[in-house]
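**Student:** So the sequence lines, in the order shown, correspond to chains G and W.
Take the first sequence: its letter number 139 is residue 139 in the working numbering, and every next letter is one higher.
Take the second sequence: its letter number 116 is residue 116 in the working numbering, and every next letter is one higher.
Quick caveat, the hints were computed from the structure, so don't treat them as lab data.
Just to be clear, a hint being listed does not mean it is correct.
[Stated by the list, open to error] In silico lysine-lysine, DSSO-like type, Cα no more than 30 Å apart, as pairs:
1. W:K76 - G:K71
2. G:K46 - G:K103
3. G:K70 - W:K117
4. W:K83 - G:K103
5. W:K141 - G:K24
6. W:K171 - G:K18
7. G:K70 - W:K202
8. G:K71 - W:K90
[Unchecked claim] Sample of chain G residues with no beta-carbon within 12 Å of chain W, all distances over it, derived:
9. P34
10. F36
11. K39
12. F93
13. Q128
14. Y134
Note that the Cβ used here is the ideal one computed from N, Cα and C, for glycine as well.
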Amino acid sequence: MLLGTGCLGPLWQRHIPKYPLYVKGNPQLRVFLPLFWMKMIRPKHKIPEDHVCFEVHPQMTVFDIENYLKKIYDVNVLAVRTRLVKGKEMEVFGPAGIRDDNKRIAFVQLEEKFEIPDMFTEHPSADQKSMEQYDTMQKDHKKAFKKTWPFSDVSPWFR
Amino acid sequence: MARVILQNLFNLSRLRTNICRPNEFLRILSLVPQSSSFHTSPAHYDLLAFFEPKDNWGETKISAGRPWKLDELRIKSNRDLHKLWYVLLKERNMIMTMAEEFRHQGELFPNPERLEKVEESMENILDIVAERNRAYNLLEKGDPGQPKRRWFINELGLGYWRWETEHYIPKHMNRALRNSTSLQGRWQNYYLRLWREKMIRKNRKEAKANLCKERKLKEVFPDAETD
């Protein structure tokens, strides 16, 4: 069994074991079951159109990210830059000494432009639909209220 | 997906890492029967694979099956497991991305338990690979092939259990190890004896305290059971 399976939380949060030692002249080491994950996120600040922002496994290197995208997703990558973001500290009447997990954020430069698809304008969710319903109902209510307004017979300068 | 990876099998030699030297699995390739009955959906290689297919956009409920069981995976060949791994990996990335996107938009993410299902099947695949690895090592080398625990004595002469690790330098040429153990000798026996005495006294004290506690409890609760 892999070290630590079955006892430590979800698989994606687990520490990835070390590579075996490599001696010059040996055949290349290969990863057959990569445990890495990447998720595409919207960047905090504005970035160029051919750049994409990812949150990746904190143990991933620049080369790992490049190979991951090239070999699994078949996307050509021009450049990869990463940065570590410290987890925010919880505050209860001052710093509580409890932190979120540290994140690794990767900015990937592609050959073509890419934009995160807009899924919510064309296909509104149930919440959005109910909000629209609520708005229309409120408008109708206002109209109905105006008709039966108690001050409607008072002259406008007095209202 | 890399053709090189697909042509080869994943490792059956190492357990703690899923990394392998090519020669070892090429030997195994001839042992394992390869099936062509396993088919996956047509792959679309794009960054859009990080997002849900367009049919599922705007849906409040996305149905998903159960995770793969161990018994089902045990029948599969290594090649099929390898393909399935990448399907699951992509699925997990997709689910994580979508969850993040929904969180960003302030929407409710439909069926978040899909992530756990995918993770469970991934873990099952790892277990199966480990099983085969172990069986192969036992057959070929007569050894499960996992790092062992060894009793190691440090420079103070105190022993403790330690996991074996890989080293570039053999043990007899390792100067750091030699330096750390060079001080060992008969002079330590006096101090080790004192140490042992101290530990024995400490243990006896604890045992005595426990006994006293039990006796006192027995006086208050005479019918109570003792562990």
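**Student:** Does each hint fit the structure? Answer for all of them.
**Tutor:** Here is how each hint holds up against the structure:
no.	hint	verdict
1	W:K76 - G:K71	24 Å, holds
2	G:K46 - G:K103	19 Å, holds
3	G:K70 - W:K117	27 Å, holds
4	W:K83 - G:K103	29 Å, holds
5	W:K141 - G:K24	25 Å, holds
6	W:K171 - G:K18	21 Å, holds
7	G:K70 - W:K202	61 Å, violated
8	G:K71 - W:K90	12 Å, holds
9	P34	7 Å, violated
10	F36	8 Å, violated
11	K39	4 Å, violated
12	F93	28 Å, holds
13	Q128	8 Å, violated
14	Y134	16 Å, holds
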